[in-house]
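**Student:** Here is how the chains run, residue by residue.
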Amino acid sequence: MSVMAEKSVYEQLGGEPAMAAAVEVFYRKVLADEHISHFFEDVDMERQAAKQKAFLTMVTGGPVHYSGKDMRAGHAPLVKRGLNDSHFDAVAGHLKATLEELGVAAPLVAKVMTIAESARADVLGR
Amino acid sequence: MAKVKHESDWYPLESGESVLDALLRQGVSIPNACRAGACQSCLMRAVAGTVPEAAQVGLKDTLRAQGYFLACACRPPEGTQLEVTGAEALRIPARIQALSSLSTSVLRVRLVTDSPLAYHAGQYISLVREDGLARSYSLASLPHEDALELHVRLQPGGAMSGWLAQDARPGDRLQVQGPAGSCFYVPGRPEQPLLLAGTGTGLAPLYGIVRDALAAGHSGPIWLFHGARTPEGLYLTSELRALAEQHPQFRYRPGVLEGGSRDVAEGALDVLIRAECPKPLGWRAWLCGDGPLVLSLRKKLFLAGLSLKDLHTDAFLPSVPTGQRSSDAGAR
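Listed in order, the protein sequences are those of chains A and B.
Once you know that position 63 of the first sequence is 72 in this note's numbering, the rest is easy, because the numbers rise by one and skip nothing.
Once you know that position 224 of the second sequence is 1662 in this note's numbering, the rest is easy, because the numbers rise by one and skip nothing.
Quick caveat, the hints were computed from the structure, so don't treat them as lab data.
Wrong hints could be hidden among the right ones.
Claimed, not checked - As a list, the in silico DSBU-like pairs of lysine-lysine whose alpha-carbon atoms are at most 35 Å apart:
1. B:1737 <-> B:1717
2. B:1498 <-> A:60
3. A:62 <-> B:1737
Unchecked claim - Sample of chain A residues lacking proximity to chain B, with all beta carbon distances greater than 12 Å (derived):
4. 21
5. 44
6. 89
7. 124
From the three backbone atoms N, C-alpha and C, an ideal C-beta is built for every residue, glycine too.
Isolated chain B (complex conformation):
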């Protein structure tokens, strides 16, 4: 049996159990959301013992060197012991600057951190409420802007989104942890065509990435496809149309599965992309939003000739409900 020490108490692990599951099962509250090693909400630090390699996959070298690991992916071998502590030291206090509606189902949350957060547009952070509730959201803002901008999808019964929509007020305090993720623009090859595609609040990172690329002077064509089930699921449409008018190399293409119009194409996202960008050979692409859709688009674009090194994806994962908490499925 393996065991883990947290705040002076030892907790036994069942065979093959993760540190996160073991601590939650025994009543210890640990921030967490996706439980799939992606969102990094459950980041912890080992103060003694050996962390399995798999628990540090995707972490920055500087975090690994300090013993940070993902509790959901940490399964210590039988007979080993691990002493752990939370990642509070990495969290930056922040306050809500503004809350506004982008559509009937998407809330724009602007946050100001007490100290600057270094990030790339398109990365994501974990938002941690005072009671430890954590959810991961993509950054739609640019680093030089004075506030962090998140697009929060309102989930039926969602713990974080419900609180943000109904109870939270400007001035309320939270903590921010991160950033994480490799879905961002890297300057270089300014003439290379760029393809950005996403569904729902997958627009958040793309909105950051496209403005980042334009600010960096990207001169090649930049296509942004935003898909939703119905026109009500689209948002920031007038801002994006205005951006396209200012920058002739930027083309904004909203699409819906039903209820298309003169300005909004109707059809599946991959079909709309293929119709306008039939030969994306040598392009760079970013795909964000609904998990299965992102994975299927990536495969189609790879088969169409995009190189894997030019394909950046952020497949949103639902947060996993715990016993005492209702689901925030499909957060971000």
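Looking at chain A on its own, in the form it has when it is part of the complex:
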């Protein structure tokens, strides 16, 4: 069976250059939020930005594929430091605000938020 694949949100937004622009907006929001900023503090800000760009690429359906196992392993140290639903909700809120600020249409924002939500259990190690 062959179906014309629907364009991903990632492609509709403009691919890699769009992610490069979005990551700075998103990173500023999480760093400025004292409830979650300690999870994002990194001596190497470029490395941290690269991680977040990979995250944005993933939730928009772009060419980054994390397995549930990767998400669990990557966030396990943060879960030990107290990462919980309230932090996940805050990050999701900043993701939504970032997309809206960049003028992404509501149906596409909803699509991205659904993908992000599907990672909740793995991120929080449940």
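Assemble chain B onto chain A, guided by the hints.
**Tutor:** For chain B alone, kept in the frame of chain A given last:
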């Protein structure tokens, strides 16, 4: 167990131990300073075996291709073997041309290399003494000038700074390794506002960068903030004021935490910057000096709207004392 071969002897590594720590522990003398993968003083070359990727982070492609790596960041996996040699081939012999005081705590060291050193103003080099003692210092000079200029902070009990201040004389010979670092001016967008900020001898790279930008014809505003605890910690003030008089686009702003005056602002560096440059959106910035201060300033400027690609930092790391050596903490 991993093992490493150096000058015909094999040395075992403890689990997770770096090549640098293993060699030092077993009595081999290897130049080193920050032990955090930044200063590149402990550069070595692998002649056989595989170097872990992490040990080559930050090195130029030409060095990687020749097998160079940082011994402090090199942790070979269990069961592997590595044969290494020093980086002597990369060092350029140099002699001290002049030594003078810039302030009570900062020494200006001018060096002439036997062969030309290609560098950008603001990069740093490792200074290696004949006995192997190495420390990393930023370059305050411009490449076309006849000598390399370093600003050396005098550390209580500092091995290199103490020697330079008390025992070294013009004519003494040393070796220079480098340059390294990406904190420098790249020509282009001459109208873009530039923000340079640093503390202590963080002024050294900034002094090079600002003169480099002016020489390249940068026409946009250039702000230089130099912070110190007290006015005694400021230096090159008359040179920088003279530079500002020659170049109307250049503004020099010295600041201190205590003891301010009509000419020297009083307050924390980030507060002084925010007061004069409240909206640095689209600017380019260089931040040099005390590590925690540089990192905190970078975060504040990023949050204020500077893009990460326009933020260049050189956070000075203290050198790590070894058993037989007193600390040169906060060198550069």
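**Student:** Check the structure against each numbered hint from earlier and tell me which ones fail, lowest number first.
**Tutor:** Violated hints: none; all satisfied.
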